Amino acid sequence: MTRAQNRFLPLLLFPSLLAIFIFMVLPALWTIYVSFTDMALAGPKALNMTFIGLKNYVRLFSSEDFYHSVVLTLEYSIFTNIGQFVIGIAAALLISRRVFVGKNFLMAVIVLPMVIPGITQALIWSSMLGSQEFGTLNRLLGLINVAPVLWTQAFPMFSIVLVNLWNNSGFAMILFLAGLESIPQELLEAAQMDGASGWQQLLFIKLPLIRYMVLLWLLLNTIGCLGMFDLVYGLTRGGPGNATELLGIYVYNRGFRFYELGFGSAASLILIFMSLALSFLYLRLMRVELD
Amino acid sequence: MSTRNSLSRRQFLSTAAVVGGGAALAACAPAAATEKAAQDQSNTKAESPTATPAKKEIVHLKYLTADRELGRKVKEIAVDAFNAQMEKDGKPWRVDSVFGPATDNDYRAKLTVDAAASTIADIFDIYQTDLADFAAAGYLMDLRKYLEAWPEWGQIYDVLKPLGEFDGKLVGVPGGSTMTFFVRKDVLEKAGISTEQPKTWEEFYARCDQIKQKTDAKPVGIPGGTAWGGGSFEEGFKMVWLSFNGPIYDESDQKWVVSSPTLLKAFAVYEKLTKSGWLTVDELLATNPWEPIKYQEFPQGKCAIVTGGEWQWTFDWGPDGATPIEGLFEKVMRWEWPTEDGKPFTYVDGGVGTVISSKTVDAEGAFEFIKVQTSAEVGCKQLPIYIGGPSAFKDFANSCPDYKTIVNGKMYEASQLFGSGRVYSFNKVGLEKIADGIAKATEDIITQKKTAQEAMDSFAKDMIDILGPEKAKKL
Chain A
3 MTRAQNRFLP LLLFPSLLAI FIFMVLPALW TIYVSFTDMA LAGPKALNMT
53 FIGLKNYVRL FSSEDFYHSV VLTLEYSIFT NIGQFVIGIA AALLISRRVF
103 VGKNFLMAVI VLPMVIPGIT QALIWSSMLG SQEFGTLNRL LGLINVAPVL
153 WTQAFPMFSI VLVNLWNNSG FAMILFLAGL ESIPQELLEA AQMDGASGWQ
203 QLLFIKLPLI RYMVLLWLLL NTIGCLGMFD LVYGLTRGGP GNATELLGIY
253 VYNRGFRFYE LGFGSAASLI LIFMSLALSF LYLRLMRVEL D
Chain B
1434 MSTRNSLSRR QFLSTAAVVG GGAALAACAP AAATEKAAQD QSNTKAESPT
1484 ATPAKKEIVH LKYLTADREL GRKVKEIAVD AFNAQMEKDG KPWRVDSVFG
1534 PATDNDYRAK LTVDAAASTI ADIFDIYQTD LADFAAAGYL MDLRKYLEAW
1584 PEWGQIYDVL KPLGEFDGKL VGVPGGSTMT FFVRKDVLEK AGISTEQPKT
1634 WEEFYARCDQ IKQKTDAKPV GIPGGTAWGG GSFEEGFKMV WLSFNGPIYD
1684 ESDQKWVVSS PTLLKAFAVY EKLTKSGWLT VDELLATNPW EPIKYQEFPQ
1734 GKCAIVTGGE WQWTFDWGPD GATPIEGLFE KVMRWEWPTE DGKPFTYVDG
1784 GVGTVISSKT VDAEGAFEFI KVQTSAEVGC KQLPIYIGGP SAFKDFANSC
1834 PDYKTIVNGK MYEASQLFGS GRVYSFNKVG LEKIADGIAK ATEDIITQKK
1884 TAQEAMDSFA KDMIDILGPE KAKKL
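First to last, the sequence lines map onto chains A and B. Per this note's numbering, the first sequence starts with residue 3, numbered consecutively. Per this note's numbering, the second sequence starts with residue 1434, numbered consecutively.
Just so you know, the hints here were simulated from the structure itself, not pulled from any lab data. Certain hints may be false.
[To be verified] Quick list of in silico lysine-lysine cross-link-like pairs, DSS-like style, CA-CA up to 27 Å:
(1) Lys1578(B) <-> Lys57(A)
(2) Lys1873(B) <-> Lys57(A)
(3) Lys1894(B) <-> Lys57(A)
(4) Lys1907(B) <-> Lys57(A)
As the structure is a prediction and not an experimental result, all values here were calculated from the model.
Could you put the whole structure together from the sequences, leaning on the hints where they help?
Below you can see the structure in the form of C-alpha cells.
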C-alpha cells in the first residue's frame, strides 16, 4: 500500500466505524444502562425514570413467566435444530446425487420460503393452521373425514416449530450441500470399493467431513432461534395463554405492551448473554475441529 | 506488517477530527436553519393577537387512527368536513389522515413508541386502557380550558365527563356505551327457561344450569384468560368485580386493591362457572376466542349468553356485521349484571376516543378538529355508515332525528340508560398491568390450575411486584 493510500484508508473506514458506533455500540450501551432503571414508555416513569440497581434482574430471576419463556425458547431451539437438520441433510443428500430427477424443483421448493418475509410467512401459516373448518390443513383432513383440529391451540409448540422448519430448512440444505460437494470423490469411491454401504458412508465419511459446516449452521441457527420474534408473533402472539411466549416475545411484551422498558431491557440482555454463551461454545467446538 | 502500511494513532485521530468536524458542520447547518425558521415562526405568533398564524399559512395537522375499513370511512367524513369548514371560514388549519396498524396490540405499540419518541401525530385515537398512562407520561394535552369554554360541553351527559379525566386533566370529549349480558332469548324460550333478569349471581347460576340441562347450547361465554387480551378485563371481569361492591382502587392512597374479599368473590364466579361446566372454556383458550364465541356459537344459538356493548348490534350481529343474526332484535335480549345484593346494574363504560398530543404543532387547530369531529352534523353523516355506540350528547336526537330509530332504536335506548347506569372510572396508572394480571389469573382458574384463592394470591404477588407496593395493596 502506498503512503497516499495509507492516508486515504481511515477516511474510508471512518463512516462505517461511526455508523457502527452510533447505531450499534451506543444503543447497546444505552440498553445496558436502561436495564438498571425503571424507565417506561408510558406512565409516570416515562417522565421520571430512576436508577434501581439490580431490581429488574432480581425480579426477572424470580419470575415464573421468565423461566417459562427460557424453557420454551430452549425447547423451540432444540426441536427446530433437530427438524431442520434432518430435512436439510436429507434434501442435501438427495440433491447431491448426480442422477436425481427433480433436483432443481426440490431445491426451489426448499429455498423459496427463505425469500418470503417472516411476518408474511406467519400470516400464510395462520391461514393454513386456521381453526375449525376454515384452515387449509383442516380442509385437507376433512377430505379423509378427520375432525378439524385447533392447531395453534392444541399443538402450539408444534405449530411454531413446523413453520420454522418450512421456513429455514433451505438454509441448512444449502450449507450441508456445500459441505457434501466439497468431499473429494475419491474418498467415497474408495469407500465403495471397500464395500461401505450408503449408511456407513453417511455416518463415517460424509457427516464427519461436513461437521464444520454443521457446527457453523448450528451456531447461526441457534442464535436465530433464541431471538425468534416475527414468525411466532405473527402466528400466535405468544399464545394461547403464554404457551409460545418465547424470549423474543417476552421481551417485546414487557417493553412495548406493558411499557416496562427497563425490565424489557434486562430481559433482552439475558437473551443476548444466552446467545453469546452458546456462540462461544460453538466457536470453541469449531476451533477444536479446525485445530 | 510495516509501519508504512499500518494506521498510526495520530493519523487516525487527525482524520477522525476532520471527518467529525465536517459531520458536525453538516449537522449544524440544517439545525441552524430550523432554529431560525422556528424563531421566525415564534416571532410571527408573538405578533399575532391569537394563535392563528398572521400570514394565514396553512398548518397541516396529522390525525392517526387504526386502519379499519369502516373506521376509515367515518374518519374521512370528519376530516373532509373539517377541511371544507376551515377553507370556508378562511382558517389556516387542515387535517391529514394517517393510518396505523389495524390490530389493537400493534396500534397500541405504534402509539406508545411514537409518543415516547415525540413523533406522534397531532391528533390520535387512543384506547381507554392507555389513557391514564399516556396522560401521566405527559403525552396528552389538557383540554379543560377549551372544553369548558365550548358551549356543546354542557350537552354531554354528566355521568360521562369523569371518564375523560385523569389527575385533574381533561384530555378529550368522552363517549360511552353500556355493558351488559346479551342473551339468546329464543333459545331460552324454546326450552321453557325464564328470560327474566336474574338479580343475584345465584339466580344467574340457576339459569346457567337450566340452559345446560335443557338445551344443546353452552350456557355462558364471559371473557377470561390471556387469549382475549385486555377484553378479559374490559368486557367481563371489571363488571363482575363491580358487582360485589368492594374497593377496586383506593383514592386516598392511590393504590389498586389487589387482594380483598370482594376480589376473591369475583374470581369465585369464574371458578363456579368453570367447575359447573357452564363456561366456554375451550373457546376462551383459542387464539381469537371472540371468534368461536361471538361469531360462531352465539349466532348459531350454541352459546346462550355473552357479554358486550352496543357495538354488537351492528359490528357483530347486524346485517353488515361479522356474523349477521336474522331476526336479531327478536332473538337477542339484554340482562344487566347480577349483584350480591340483588340490585342488578347496567355498566356505563366509556372513555375518550380522540386526543391531542401535548407536542401538537397547533393546539387551537387540533381542538377545532375535535369540535367538528364530534359535531351533530358530522355524526349524522356518519350514522348510516357506522354506529358502534350511543351518542354522548344529550341533544343529538334533536339534531339528527334518525338517531332515535337507527339499529331498532337500540343506540337511543342505551343513551337513555346513561343516567341510571353505574359508572366507575378506571383511569388509573397501571390499568393495563392490572388487566393483564386479571387475564392470567382467570386463565389459571378456567384451566383449573388454581383455585380462586390461589389465583388471587398469585395475582396480588405479581401486581405488588410489577406495580410496586406504592401502587398496589392487599386488604
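Hint-by-hint comparison with the structure:
Between the alpha carbons of Lys1578(B) and Lys57(A) the distance comes to roughly 41 Å, so the proposed pair goes past 27 Å and is violated. The suggested pairing of Lys1873(B) with Lys57(A) holds, with an alpha-carbon distance near 23 Å, which does not exceed 27 Å. For the proposed pair Lys1894(B) and Lys57(A), the alpha carbon gap of about 16 Å is at most 27 Å, so the pair holds. For a cut-off of 27 Å, the pair hint linking Lys1907(B) to Lys57(A) stands: about 22 Å separates their Cα positions.
Against the hints set out earlier in the document, a violation occurs for number 1 only.
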